[in-house]
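Read top to bottom, the protein sequences are chains A and B. In terms of my numbering, the first sequence opens at residue 1 and continues consecutively. In terms of my numbering, the second sequence opens at residue 1 and continues consecutively.
These aren't lab readings, by the way, just hints derived from the structure by calculation. Take the hints with a grain of salt, since some may be wrong.
Said to hold, decoys possible - To spell it out: a stretch of chain A is covered by chain B in this simulated footprint if at least three of its residues, at any positions, have a beta carbon under 8 Å from a beta carbon of chain B; those stretches are:
1. 174-188
2. 221-230
3. 246-253
4. 325-335
5. 407-417
Stated by the list, open to error - Just the calculated beta-carbon pair ranges, DEER-fashion:
6. B:R361 <-> A:Q358: 50 to 58 Å
7. B:Q358 <-> A:P208: 38 to 46 Å
8. B:D370 <-> A:D340: 51 to 59 Å
Said to hold, decoys possible - Calculated pairs, EDC-like style, for lysine to aspartate or glutamate (alpha carbon to alpha carbon, straight line, at most 20 Å):
9. A:K288 <-> A:D340
10. B:K288 <-> A:E232
11. A:K288 <-> B:D82
12. B:K288 <-> A:E224
13. B:K288 <-> B:D368
14. A:K2 <-> A:D53
15. B:K288 <-> B:D210
16. A:K2 <-> A:D82
17. A:K288 <-> B:E259
18. B:K288 <-> B:D351
19. B:K2 <-> B:D34
20. B:K2 <-> B:D56
Even glycine gets a Cβ: it sits at the ideal position worked out from N, Cα and C.
There are 2 protein chains.
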Amino acid sequence: MKPRNLLYAQSGGVTAVINATAAGVIEAARMHADSVGRVLAARHGILGVLDEDLVDCSGLDDAELLALRQLPGGAFGSCRFDLDAPADNPAQFDRVLAVLAAHNVGYFLYNGGNGSMETAIKISQAARARGYPLTCVGVPKTVDNDLEGTDCSPGFGSAGKYLATSMREAGLDLRAMAGRRGRIFVMEVMGRNCGWLAASTVLARRAPDDAPHIVLFPEIPFDETAFLTRVERCVARLGYCAITASEGIRGADGSLLIEQGHDLSGHVQLGGIGQWLARLVHARLDYKYHWTVPDYLQRAAGHLVSATDRSQAEAVGWAAVQYAIAGRDCVMPGIRRRSDAPYRWEVEPVDLAPIANQERRVPRSFIDADGFDLSPAGLRWLGPLIEGQAPPPYLNGLPDYRLPDCPPVARRLGPYCG
Amino acid sequence: MKPRNLLYAQSGGVTAVINATAAGVIEAARMHADSVGRVLAARHGILGVLDEDLVDCSGLDDAELLALRQLPGGAFGSCRFDLDAPADNPAQFDRVLAVLAAHNVGYFLYNGGNGSMETAIKISQAARARGYPLTCVGVPKTVDNDLEGTDCSPGFGSAGKYLATSMREAGLDLRAMAGRRGRIFVMEVMGRNCGWLAASTVLARRAPDDAPHIVLFPEIPFDETAFLTRVERCVARLGYCAITASEGIRGADGSLLIEQGHDLSGHVQLGGIGQWLARLVHARLDYKYHWTVPDYLQRAAGHLVSATDRSQAEAVGWAAVQYAIAGRDCVMPGIRRRSDAPYRWEVEPVDLAPIANQERRVPRSFIDADGFDLSPAGLRWLGPLIEGQAPPPYLNGLPDYRLPDCPPVARRLGPYCG
């Protein structure tokens, strides 16, 4: 069989290790030159496919691949865009397939989260309906760790390592600055529905009184009275209290706290949840407060990636290519955990259909009985994912990140006006 | 002369390298056992002196001193507290001197910023007025870099390295996520009156289009129209725009933007300046936005200190002890720059009187003509300060910070009720 080209694209929020997956894909494809011709990447995910905006990754040398593996952010650009339902917009799928055909793409690898797996399925179905030979493989990625079908999601371990490190460091600062009046610190972390990243900050704690002292999960309805009581007790004991808050914590009625449309003075509350909580504590208990919103920093910190996470990110890239050339359509490489300590894992194919658009929340058994902390089982599960350092090279005091130099692929079709 | 004890204390906002200064003090004192007896540290700065809350650092072994050098935050606790004017509250100074006398303290080293230098002067004057033999030495420290009398302040280089790294990483994330609609990212950094930390983020840029694209200094009055024009042009060219904003940017009338008491909907604005700017751009130009507030993270990031900064932090600790035993009262070790490239510096004594309570702002020559960027001279000055990595040891995937185990010193006086 004549080799066919492979098209890789990145989708959704990017991570510190998604490009390690890209590097894994490119390296694995090279090992299978009998099956895979060129490795193309779409710019900005499926949008780049629709726009026929492609680059050719085949010319990257070993040094460039190493640099790609160490580069945070999405080297080829990402997008937040879902294809329509195939029945609603067949022209959109005609276009996707026309672009794939124009570039002799036989393998499509979509590197993303829950929604991206649905995109991979839709394209597979559209190809089949049109008689176009194509193998679609999903490749997992998300700092939110909310993908089903895999023990953990590449990207999460590095974000968790960054947040746990930051909480440990901020906790030392807070401890130094605490005075008689009492002081709190709130760290607002990503996680609209799932508290995995909030949970990861608990790894910062070595002794019972270390930060964080309270963790607010989106999985647990926010109980203001219980929260304030706990803050007060902590400050009475230590003089300070460090709090991790998922951006998506909700009231008992299930609505996002931050969208409940009120603040302490009766105005519409516009800020993030970290600030809101800090002000709540200040208003009720009169403590001084600081709050941080790491935002992009928590998912872009290439200088502090987890070596474990990066290995897994690369491994799912390699595996996805194996599945593709074996014709395993609509699967995703999932990580299966073999043991916690020593941590052992392997990659196995997982069907996309049952996992697309699902969301894996922190199980109740991973959260302590009172709902403000991780349980020992949760800690045991999380610990291995942040292990190992994989620092980038430095130049002039800063990480020496380099973007891959991949030439654009000449367009063969007219513009898309969908 | 019989050796007398040395009392060291930390004051003001802590840094990632202030404990390297403490380690330098302790090591240098050991080399001069003929002059210095025990090295004591006050808990929470001058408050610990008033409370007679002291610990003994003399027993730390080499491994503990190395750990101290790598520990962010203030190992002995800090405070934000100014002594009264000596004429207004002589009892307060009686107490300070009583505590110093009770513990045979002949050398007082105060490690802090502008206000702390004033404290050192006041204590020196009080000692002289009471005929108590004491040498008071200030030791510079501040992430804000606003101390006069020194080319740069220990603590600043590490915070700058952290922020420049974070801006480079967030810029890669932003680039990946940019879409047709346009997207901005705002990083709010410390600096109420001085834009040094904001300036440091410019080091992240290697190519003209790299982040940050706009820097807002407290030294330059905020011009909303010019700012929005610049944002719009940047987004038109790249699809995105990364902005660094000092927390202390001001309007043309000199008032803090964040305290001007308005937001876009007419309500009192409660958030930080990063969020305010992001919403301003969103309201006027309809771009998507993200914003980060690193807060404590920027000054506590022991995992990403500048080796240059840490060397300087340690050197000023060593020098302060030399000055103290030489009887050089009311001086501070300042860093004098000998050359930019190669970067050469030395430590020299600087009189405290002219520098206490002063504030060193970013000179106009370090800011570009249009006021939204650093000038080449500013870049040349900043570059060396973030050079070199000095990572801590890691254990279980996280920095293995260890607090020094210094026994409390038995109290010899009654409680202070001042």
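Consistency of the hints with the structure:
| no. | hint | verdict |
| --- | --- | --- |
| 1 | 174-188 | holds (count 7) |
| 2 | 221-230 | violated (count 0) |
| 3 | 246-253 | violated (count 0) |
| 4 | 325-335 | violated (count 0) |
| 5 | 407-417 | violated (count 0) |
| 6 | B:R361 <-> A:Q358: 50 to 58 Å | holds (54 Å) |
| 7 | B:Q358 <-> A:P208: 38 to 46 Å | holds (44 Å) |
| 8 | B:D370 <-> A:D340: 51 to 59 Å | holds (56 Å) |
| 9 | A:K288 <-> A:D340 | violated (40 Å) |
| 10 | B:K288 <-> A:E232 | violated (38 Å) |
| 11 | A:K288 <-> B:D82 | holds (18 Å) |
| 12 | B:K288 <-> A:E224 | violated (32 Å) |
| 13 | B:K288 <-> B:D368 | violated (28 Å) |
| 14 | A:K2 <-> A:D53 | violated (25 Å) |
| 15 | B:K288 <-> B:D210 | holds (19 Å) |
| 16 | A:K2 <-> A:D82 | violated (32 Å) |
| 17 | A:K288 <-> B:E259 | holds (18 Å) |
| 18 | B:K288 <-> B:D351 | violated (51 Å) |
| 19 | B:K2 <-> B:D34 | holds (7 Å) |
| 20 | B:K2 <-> B:D56 | holds (19 Å) |
The structure fails to meet hints 2, 3, 4, 5, 9, 10, 12, 13, 14, 16, 18 from the earlier list, while all remaining hints are met.
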